[in-house]
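The lines below spell out each chain.
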Amino acid sequence: MESATASIACIVNGEPSTLPEGTTVARLVERLALRPEVVAVEIDARLVPRAGWASRPLAPGERIEVVTLVGGG
Amino acid sequence: MESATASIACIVNGEPSTLPEGTTVARLVERLALRPEVVAVEIDARLVPRAGWASRPLAPGERIEVVTLVGGG
Amino acid sequence: MESATASIACIVNGEPSTLPEGTTVARLVERLALRPEVVAVEIDARLVPRAGWASRPLAPGERIEVVTLVGGG
Amino acid sequence: MESATASIACIVNGEPSTLPEGTTVARLVERLALRPEVVAVEIDARLVPRAGWASRPLAPGERIEVVTLVGGG
Amino acid sequence: MIPEHEADQPLVVGDTTLRSRLLVGTGKYKDLEETRRALEISGSDCVTVAVRRVNLDASKGPSLLDAIDRSKHHILPNTAGCFDAKSAVRTAELARDLLGTKLVKLEVLGDEKTLLPDPVGTLEATKELVLQGFDVMVYCSDDPRLGVRLQELGAKSVMPAGSPIGSGQGVLNHNALRILLELVSVPVIVDAGVGTASDVAIAMELGAHGVLLNTAIAGAREPLRMAAAMRDACRAGRNAFLAGRIERKLYAHASSPMAGRIHGAGGS
Amino acid sequence: MIPEHEADQPLVVGDTTLRSRLLVGTGKYKDLEETRRALEISGSDCVTVAVRRVNLDASKGPSLLDAIDRSKHHILPNTAGCFDAKSAVRTAELARDLLGTKLVKLEVLGDEKTLLPDPVGTLEATKELVLQGFDVMVYCSDDPRLGVRLQELGAKSVMPAGSPIGSGQGVLNHNALRILLELVSVPVIVDAGVGTASDVAIAMELGAHGVLLNTAIAGAREPLRMAAAMRDACRAGRNAFLAGRIERKLYAHASSPMAGRIHGAGGS
Amino acid sequence: MIPEHEADQPLVVGDTTLRSRLLVGTGKYKDLEETRRALEISGSDCVTVAVRRVNLDASKGPSLLDAIDRSKHHILPNTAGCFDAKSAVRTAELARDLLGTKLVKLEVLGDEKTLLPDPVGTLEATKELVLQGFDVMVYCSDDPRLGVRLQELGAKSVMPAGSPIGSGQGVLNHNALRILLELVSVPVIVDAGVGTASDVAIAMELGAHGVLLNTAIAGAREPLRMAAAMRDACRAGRNAFLAGRIERKLYAHASSPMAGRIHGAGGS
Amino acid sequence: MIPEHEADQPLVVGDTTLRSRLLVGTGKYKDLEETRRALEISGSDCVTVAVRRVNLDASKGPSLLDAIDRSKHHILPNTAGCFDAKSAVRTAELARDLLGTKLVKLEVLGDEKTLLPDPVGTLEATKELVLQGFDVMVYCSDDPRLGVRLQELGAKSVMPAGSPIGSGQGVLNHNALRILLELVSVPVIVDAGVGTASDVAIAMELGAHGVLLNTAIAGAREPLRMAAAMRDACRAGRNAFLAGRIERKLYAHASSPMAGRIHGAGGS
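Protein chains in written order, with the working numbering: chain A, 1 to 73; chain B, 1001 to 1073; chain C, 2001 to 2073; chain D, 3001 to 3073; chain E, 4001 to 4268; chain F, 5001 to 5268; chain G, 6001 to 6268; chain H, 7001 to 7268.
Isolated chain A, as found in the complex (with noise of 0.2 Å):
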């Protein structure tokens, strides 16, 4: 329930979606219940190294990336 908070528009993985004003990239990957040790992040083409996503708060606009390693050769 964020209902009290204002909120923004960011674009995660191609994808529109509407944040919590403030989200940083920690409590985003909290919210998508992904497995920290397991996606990085890339903000507007920019690596967020993991060691500040809980710092690191998330802007209007901004394009961000979550990816994980998959099978590949």
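Simulated pairs of lysine-lysine, DSBU-like, Cα-Cα distance not exceeding 30 Å: (1) K7249(H) with K4113(E); (2) K4086(E) with K4127(E); (3) K5113(F) with K6127(G); (4) K5072(F) with K5102(F); (5) K6113(G) with K5249(F); (6) K7127(H) with K7113(H).
Please keep in mind that the hints were generated in silico from the structure rather than gathered at the bench.
None of these values were measured; they are calculated from a predicted model.
Given the coordinates of chain A, work out where chains B, C, D, E, F, G and H should sit on it, guided by the hints.
Just chains B, C, D, E, F, G and H now, kept in the frame of chain A:
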């Protein structure tokens, strides 16, 4: 119409056929309207040299092969 | 000491050799100090089965081949 | 007869050579008894177009390359 | 007129002398006119034909013989389609009576699926035909020692398949062909398997004395163009063989001189 | 006069139109006369030459240019022996000034041992020469995507080595050449590696637009005969490509009819 | 425990030491369990993975990482699917942040049809990633001089494609691989093109330091059996390379002695 | 213990059942100890030996039989060195009397230079030995129809030479071996010609039931290591054959997914 003559039964190129008694190989080739220079003849799996066509009458039941040259590699 | 006995001349593996009369194949193999289980014997291009070695005396002029197994591919 | 004239030192095709002051590229080619139509000339790694041969005097210390065509694949 | 730098010996098989080292078949063409033109363009002076029953019902049309100018082309009858020595011999006898020539290409096949030659029937028929005075050219596998056996029986030419009839795979075993060429003295003519021009060139470069093909021309999208290609490839391969090719190396031998390069162009 | 069944398009490179698809080098011949005759016999109308320092001491003999009839042959100067872009560009400029033509064969080599092209220097020099208005034909590896990059830079022809210069191994990677031909639209001319006639035929059958060679002729035991062989092989391979070859099969497709065989000749 | 007669050096790439010379991919398996078992059977201790967007809708299932025992296998992330240097670099950075390792397999592809590497983008990305401290293993063509350029830029391994990704044609150009091995000092690992076990053996016999494959196992009818085949083939090829094979000859060298044959067995 | 994913049928020849599909010769080793170790490492359970005159002068040393543990290895005597059917039959009889087994590898050679098999003598001896109750394994050429004839005569295995004995060229004609495998039902064991590990893998991948070799191990710089390589290559090739390899394609089939790539990584 060979009615007056007695006839014999032979096999020519696998087909049963009735021929006037005394038909020679030369006569057979003529009856078949074949150009002698483009055919060769075997009777019962034995060659009949063209020199002998005129003097070689067919006997009942003989198996005649009349061959020619066709495209091949 | 074969001195008292008459002897015969044979060819063993291509070499002329003189043997006591009555020498059997078995005796020959023994004289040659060969291990029976690693050789086979032919006389005049015909096999002498090992079962018959003891009862097969050599005759003058016979050509004996004594073979064994060697490395091969 | 160049005796009266001062002279300059250049390097032609890697060989040090002394030339009368004021020698032009055209004159050099002539001195070398080369057929102009089968050679091209570079000074200090820069092409001297044949149109400019007559008006291009050599300066002391310049490195001249005179090339032609040879068999090649 | 052949220029002196391309001079060559003719190909002699028994009593027959051939100017061209390309032998061509006459099967599978659209019509007799296409056959005639393909033969002419190929430059071959020896063409193969098959022996078959006259079709008694067919309208008496022109014969294949009408399409072959016997003043220009030797006719080489084959025993294609025979699966035993006896019928191959019968077929050869019929061909000789029809053509009045003793040259024959012997084929004794093993099965209809692969059309590969049967070595046993082939040896048997070769012996019989040689006895009967034929000049026998023998279609066989590329087994070098089989070729030796056929020559011992009196074959006038051994004709190893480069690859199966009509497979278009060219000469699959260069080594076997090379050894066969060392072991026999009669002409070795690669028969069957040619798919395209380079296959002919390769066979000739390996030292084969000639190449026989049919499907590769008749089955091409443009048979006449392919006939020209085969004519040129046979000459090219033969001349390359006679000219003595350069050696193969792992790498590099400059064709332009390394000396006299302009200042600064030097390498390592 | 080319018969209609052998009709073909000319090979167009930039502003140059060639009738023959065989390009030949002029290196390593015994003398200028042998060079002249080999060029003539080859039927090529484009010959490569190298640029080198005039030998100031040498007696002023005839020039290579005297051996080349420019009314019959286009002259393609190369930058052989250059190991960096800069000297390759200088060499091209000298050649253009000497010949008055803008056609050049760019070679930027990586090392003297293998004489393989350096991709970095080759890309750099191609860019510069195109800017200067040359029609650049680029000697390169058979890396298909490198060919695409060179075309993007404005190369008028890509010239992949079939195998290393002078190695005589022919076209080692058919697959790479096939893919390159799919990816680029400028003429692809196989350059270097040819050892014998079939190598040329194979390159053309794969769809190459032309073949350039030198050592294979000049280094043969009989250069003039080999020149004839290469001429014929190039035509043969090209016609075979255009004629549409038969497919490859595991085995057997009879070229003589199976129907109508005589009684008893039947197989299994 | 490896017996003394099979002793070998480990394969060292940058800071990573590998016991097995077989590197395997993790793509295209039926499920994670099949992936896990194939990796285990292959005996490889270096497995490649790709970086992709998390599927936000998908049920949160197990991750590929759960199928890979990192105590047994080094994980080699690739930049597959990148068509320019910039996205390849971004992908490498993401992988390094996720895995905490600096090893990366760089792929910059030229087009989606052939998936062949783009030499220009590959050179550019290699330079950037080396600057950033990655241990870069570079997927590239078999152009030997390109390999030299990549080594000069600091690549820790060059990984030439034996043939196009997934084509199953094995090592098409033995000569190029041999020369590359002469020219570079970093490990050369054949990447892409393997179709079956002998392809791996051949690459290793040519002297390659390792082989990377994926489709050949995952796409086989029986992936687990093929994983075993590849494991054995890699060892077989490596040992054959180290053991020093016999020479190739045109023919014949008896393995059984010719002396001491029985009377009458003599040949010609 | 063989894991289930590598399960296989044994190789059955006549009354003999073999666990390993690798058969090895015992010729040309440094000494009996090296022979013994190589056999052991190879994992083969069938070893070939030759029959020769006892050396009457030689010191009575240990016999080859002492080096072969007959509880582990079947002994396959050959008739190597025989150039006619009669001496081959005599040799087989001697071997049977000595070993008490009916298994024999028949070799009737054509000449000492190539050591290629003589088809006529081979057919004749096969017939005679089968009549005498031997289980005959026949060394022969790769002529598929010759293989059929040998099977008709009762041969228990046909053993085509991949290439000439000791030539180290591997299987030169894949097509012939494929067809032979289609035409005969007895085990086909490639005999002779193997040079290195991949040759064994290729033979097995083509579907051969086994491979026999000798010189490739004994003549290697490190025979024991090569014995291990051959053991692994035989298993690898067999498993690859059973696992069902991927198809060959001209190019490209991505092993990493194309979907889910990060923003901007997209290709053309």
